[in-house]
Amino acid sequence: MGVVQGDQMILNIGPQHPSTHGVLRLEVMTDGEIVSRITPHLGYLHRCFEKHCENVTYEQVIPFTDRCDYLAAMNSNFGYVVAMEELMDIKLTERVEYIRVIMAELNRIASHLLGVGAYGLDVGAFTPFVHMLRDRERILDIFEYTCGARLLYNYMWVGGVSHDLPKDFEKICFRFLDYFEPKIDEYNQLLTYNKIFIERTADVGVLPADVAISYGVTGTNLRGSGVKWDVRKEEPYSIYDRFDFNIPIGEAKFGTLGDCFDRYWVRILEMKESIKIVRQALKDLPSGDIFETMPKKIRPPKGSVYRRTESPRGDLGYYIVSDGTAVPERVKMRSPAFTALSCLDEISQGWMMSDVLCILGSLDIVLGEIDR
Amino acid sequence: MTIDFIINQFTSLIGDFPVVAFLVACASVGGLLFVLMALNAMVAVYVERKVSAFMMDRLGPMGQGPGLHAGKWGILQTFADAIKLLIKEDTIPKSADQILFKVAPFIIFIGAIIGLAALPFSSTIQAVDLNVGVFYIIAVGSIGVIGIVMAGWASNNKWSLYGAMRSAAQIISYEIPAGLSIIVPIMMSGTMNLQELIQYQDGSILGIFPNWIMFQNPFAFLAFFIFFISAVAETNRTPFDIPEAESELVAGWMTEYSGFRWAVFFLSEYANMFIVSGLAVAGFMGGWLSPIPGFLNSPVLGLFWFFGKVSFLIFIMMWFRWTFPRLRVDQLMYVCWKVFIPIAMMNIFGVGIWKLIFG
Amino acid sequence: MSRYLINIYDTVNTLWTGMRITFRHMIRIKRDNVTLQYPEERWPRPERDIGFELEDYNVIRTRLHVDIDDCIGCYRCEKACPVDCIKINTIKSDRGEDIPEVAHTGETSNGTKKGFVVSRFTIDMSECCYCNLCTYPCPEECIFMVGGPHSSKHPIDYEFSETDRTDLIYQFAKKLTPKQKDNLQGPKEKAKA
Numbered sequence: 001m002g003v004v005q006g007d008q009m010i011l012n013i014g015p016q017h018p019s020t021h022g023v024l025r026l027e028v029m030t031d032g033e034i035v036s037r038i039t040p041h042l043g044y045l046h047r048c049f050e051k052h053c054e055n056v057t058y059e060q061v062i063p064f065t066d067r068c069d070y071l072a073a074m075n076s077n078f079g080y081v082v083a084m085e086e087l088m089d090i091k092l093t094e095r096v097e098y099i100r101v102i103m104a105e106l107n108r109i110a111s112h113l114l115g116v117g118a119y120g121l122d123v124g125a126f127t128p129f130v131h132m133l134r135d136r137e138r139i140l141d142i143f144e145y146t147c148g149a150r151l152l153y154n155y156m157w158v159g160g161v162s163h164d165l166p167k168d169f170e171k172i173c174f175r176f177l178d179y180f181e182p183k184i185d186e187y188n189q190l191l192t193y194n195k196i197f198i199e200r201t202a203d204v205g206v207l208p209a210d211v212a213i214s215y216g217v218t219g220t221n222l223r224g225s226g227v228k229w230d231v232r233k234e235e236p237y238s239i240y241d242r243f244d245f246n247i248p249i250g251e252a253k254f255g256t257l258g259d260c261f262d263r264y265w266v267r268i269l270e271m272k273e274s275i276k277i278v279r280q281a282l283k284d285l286p287s288g289d290i291f292e293t294m295p296k297k298i299r300p301p302k303g304s305v306y307r308r309t310e311s312p313r314g315d316l317g318y319y320i321v322s323d324g325t326a327v328p329e330r331v332k333m334r335s336p337a338f339t340a341l342s343c344l345d346e347i348s349q350g351w352m353m354s355d356v357l358c359i360l361g362s363l364d365i366v367l368g369e370i371d372r
Numbered sequence: 001m002t003i004d005f006i007i008n009q010f011t012s013l014i015g016d017f018p019v020v021a022f023l024v025a026c027a028s029v030g031g032l033l034f035v036l037m038a039l040n041a042m043v044a045v046y047v048e049r050k051v052s053a054f055m056m057d058r059l060g061p062m063g064q065g066p067g068l069h070a071g072k073w074g075i076l077q078t079f080a081d082a083i084k085l086l087i088k089e090d091t092i093p094k095s096a097d098q099i100l101f102k103v104a105p106f107i108i109f110i111g112a113i114i115g116l117a118a119l120p121f122s123s124t125i126q127a128v129d130l131n132v133g134v135f136y137i138i139a140v141g142s143i144g145v146i147g148i149v150m151a152g153w154a155s156n157n158k159w160s161l162y163g164a165m166r167s168a169a170q171i172i173s174y175e176i177p178a179g180l181s182i183i184v185p186i187m188m189s190g191t192m193n194l195q196e197l198i199q200y201q202d203g204s205i206l207g208i209f210p211n212w213i214m215f216q217n218p219f220a221f222l223a224f225f226i227f228f229i230s231a232v233a234e235t236n237r238t239p240f241d242i243p244e245a246e247s248e249l250v251a252g253w254m255t256e257y258s259g260f261r262w263a264v265f266f267l268s269e270y271a272n273m274f275i276v277s278g279l280a281v282a283g284f285m286g287g288w289l290s291p292i293p294g295f296l297n298s299p300v301l302g303l304f305w306f307f308g309k310v311s312f313l314i315f316i317m318m319w320f321r322w323t324f325p326r327l328r329v330d331q332l333m334y335v336c337w338k339v340f341i342p343i344a345m346m347n348i349f350g351v352g353i354w355k356l357i358f359g
Numbered sequence: 001m002s003r004y005l006i007n008i009y010d011t012v013n014t015l016w017t018g019m020r021i022t023f024r025h026m027i028r029i030k031r032d033n034v035t036l037q038y039p040e041e042r043w044p045r046p047e048r049d050i051g052f053e054l055e056d057y058n059v060i061r062t063r064l065h066v067d068i069d070d071c072i073g074c075y076r077c078e079k080a081c082p083v084d085c086i087k088i089n090t091i092k093s094d095r096g097e098d099i100p101e102v103a104h105t106g107e108t109s110n111g112t113k114k115g116f117v118v119s120r121f122t123i124d125m126s127e128c129c130y131c132n133l134c135t136y137p138c139p140e141e142c143i144f145m146v147g148g149p150h151s152s153k154h155p156i157d158y159e160f161s162e163t164d165r166t167d168l169i170y171q172f173a174k175k176l177t178p179k180q181k182d183n184l185q186g187p188k189e190k191a192k193a
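Residue numbers (my numbering), protein chains in the order written: chain A, 1 to 372; chain B, 1 to 359; chain C, 1 to 193.
A portion of the hints provided could be inaccurate.
What the hints assert, rightly or not - Only some residues are given here: those of chain C computed to face chain A with a beta carbon under 7 Å: (1) T17; (2) F52; (3) I60.
Unchecked claim - Below 27 Å or equal to it, Euclidean Cα-Cα: the simulated BS3-like pairs (lysine-lysine) are: (4) K272(A) x K91(A); (5) K158(B) x K102(B); (6) K153(C) x K179(C); (7) K179(C) x K296(A); (8) K253(A) x K94(B); (9) K181(C) x K153(C); (10) K297(A) x K113(C); (11) K92(C) x K181(C); (12) K175(C) x K87(C); (13) K51(A) x K296(A); (14) K87(C) x K179(C); (15) K30(C) x K183(A); (16) K179(C) x K51(A); (17) K87(C) x K51(A); (18) K183(A) x K171(A); (19) K302(A) x K79(C); (20) K175(C) x K332(A); (21) K233(A) x K91(A); (22) K174(C) x K296(A); (23) K87(C) x K167(A).
Treat the hints as calculated values from the structure; they're not laboratory data.
Quantities reported herein were computed from a predicted structural model and do not represent experimental measurements.
Don't be surprised by glycine CBs; every beta carbon is placed ideally from N, CA and C.
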């Protein structure tokens, strides 16, 4: 047991740990129980995504984008195809746009369910985690019905989607939404308003708005600090400007603005907003042919594009450089969870060991996306 | 009483060998208590898995269909687990403190099994009828802390040390409200002897309610809750399971133990649950008396009532575990010292005044 | 002081609400159970909201299968695979002719005349990433993932684990001895080599 600087202890929250969301190594310098510095060590899950993309064709990149953020694979696909369509200047049919939005929002609900459930697990509540997984399974069953896969879909292609919606899709989707909406109230009663949970999360790990902006944190983490910024409203892509939904922000419900509870609360509210969007999209779903605007050969003109979309983790950006051939020259993915992890050191100064894992859980990171 | 009974039988049947008689009586009763501990652990583990599964909308261990691979309803699952633990390889880390590592499980086990010796299972079945039964159980319950700290230190593992330190602080702190709350039945009945405490609760209030100490007095009701929750904290169960917090410390102070050594820890955790529930039942809920005052009281039925009430309290402990998140260490200490102890002291005061006014 | 008492009251209230919810779940287990007791019960179970009818699925991700008699050796699936797990070798043959010695039919079941004998068609399922990109470009629809919408051609199979990793390299082409390969290549190719 090494001792550094008098009575400081270096502790390794090692790559194998039940609570790091993936393989992440955190080197924590503590004084008894109080943390003074955290150094994250990354790279355990690096799979050379960006190098692979330089060797395979544009449509073959899509299975690789799935595997980066594996909890929100539809949104990762979405980001890539939106960037490609901007590069190639393709205008899509209405039906394709609506289908994409439905899938992306359902995946947002699924990803938030897992993020919130795993956070409850970190804090010690085992039952809400299993309940949320049970509801997530129903969403995954809907995805399986549409595109055959539960987690890594390869569904959104450049210029369209790979398959049309199967029979009775609207009925099944509405049935799920009607089943799921009261469940959110049940989760609130079981976990959110539980006094022990509030004691654990309120006032802990406060991320002030200016610190968040200077680190480049986006998405739910930024909205939890009170900044109203959502790419779907600020730089709308696809048909998000047609839907009527709010942007929930943290409101210091039980503690200071920007603490763990606010980030958690924003995720719960975002699930409700996503349900609203899916309902509106299902109601207005037009008919049409989805393969009309799909190019036979993907050969974009020379140039580059950077486009960002809103994934459940934050601001997902794709920078694609094309040199006119069928194989991209460079694909870079800007990962929102990476910036969220970078502010961990600053916001956990002075808190205890149990709080470090609590704060890490509230940032909702996915190592696949951080390490690509 | 059972040990005295056996010693008398031995002396009358075989002859006047006091030392041998004592050893035979202790060995047989100790064996029975060990069997009780093992059976309790097996049943409690199975019930815990099933209860947790049902609360999570899943089924837990099941075994159905051809082959019955875990018995119908998964009953044989605990047997399979026990056999697996017995035949597992015994690994001790090389840099661990060898002697302390091996001795720690023994100490915890001793703390658990001698606590079982004073519980009144029925009016005639009790290992030893001590005159200071309540005091004895509370005192013996704190032997476990030594074992836990030894286990945490000897593992030579920062995580285990964390868990052990937290556990030591927690158990020692929560002994105080538990002790203060158990004074309430002692004050009301005037005796520390468990059998007499239960006899005091004979009879009925207003003819229909049983005359349990819990119901006699609103302060006693409050004292029961404080005692029960402090007991949950003493046995390291959620929401106070910060020493063995799974998602933070992998397994806390038990991380380096595997196989049979871990089974001993496990056994003593469930035995501790049984002991504190048994004490709560004897002190507050009428022990082996039946809930319907006056009827169905006999030495054999008393056993049934005792085990029924203890099982109910153990079920409530499991209910707590699978519903609540866990408290952080400093919040735990806050709850103990700033909430429970003032309320417990107020209880003693209140019970005294109540008794003075209402007799 | 009042803050302290309100805290205690809040705690007891919210904890009791939470306990009521888990108790409700516990007693309603018969209705709410979501476990599929594999292997006695298998997926899909439409009556329990776990999966739907297999034929209604758009696409399924299971084991890959090739109807080798329909393969015309166009190499499109090999090019489409992002992880290069399909390996094909072909030998040129006369267009539309049956070659009974190697059990090669000249036409596929859709009527297309074949110009190649497929001498090697291996798919390494341990490398496959189940993206289905190989099934879309096939002009004869001879490569597909079994079950689901293709249940009529081949029943579903998602339990294809092996004990030896090399058993997961599936060979679909008919085995040719080196002598047969020589014969097939014909005098023109031999003259070239």
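When you check the alpha-carbon spacing of K179(C) and K51(A), does it fall within 27 Å? Between K179(C) and K51(A) the Cα gap is close to 43 Å, so the pair fails against 27 Å, i.e. violated.
Within 27 Å, alpha carbon to alpha carbon, are K253(A) and K94(B)? violated (51 Å)
Are the Cα positions of K181(C) and K153(C) separated by 27 Å at most? Given pair K181(C), K153(C) is violated - Cα atoms ~30 Å apart, limit 27 Å.
Between the alpha carbons of K175(C) and K87(C), is the straight-line distance 27 Å or under? Between K175(C) and K87(C) the Cα gap is close to 15 Å, so the pair holds against 27 Å.
So if I understand the rule, the pair passes when the alpha-carbon distance is 27 Å or less; does K179(C) with K296(A) pass? violated (42 Å)
Does the alpha-carbon distance linking K297(A) and K113(C) stay inside the 27 Å limit? Between K297(A) and K113(C) the Cα gap is close to 26 Å, so the pair holds against 27 Å.
What's the verdict on K183(A) and K171(A), does the C-alpha distance respect the 27 Å limit or exceed it? Since the Cα atoms of K183(A) and K171(A) sit roughly 19 Å apart, the hinted pair holds (cutoff 27 Å).
Does the closest beta carbon of chain A sit nearer than 7 Å to the beta carbon of I60(C)? holds (5 Å)
So if I understand the rule, the pair passes when the alpha-carbon distance is 27 Å or less; does K175(C) with K332(A) pass? violated (45 Å)
Checking one constraint from the list: CA of K174(C) to CA of K296(A), max 27 Å. Satisfied? Status violated; Cα separation ~33 Å.
Going straight from one Cα to the other, do K92(C) and K181(C) come out at no more than 27 Å? holds (11 Å)
Pairwise hint evaluation, K183(A) against K30(C), where the allowed Cα distance is 27 Å at most: holds (19 Å)
Checked against the numbered hints above, the structure violates hints 4, 6, 7, 8, 9, 16, 20, 22, 23; every other hint is satisfied.
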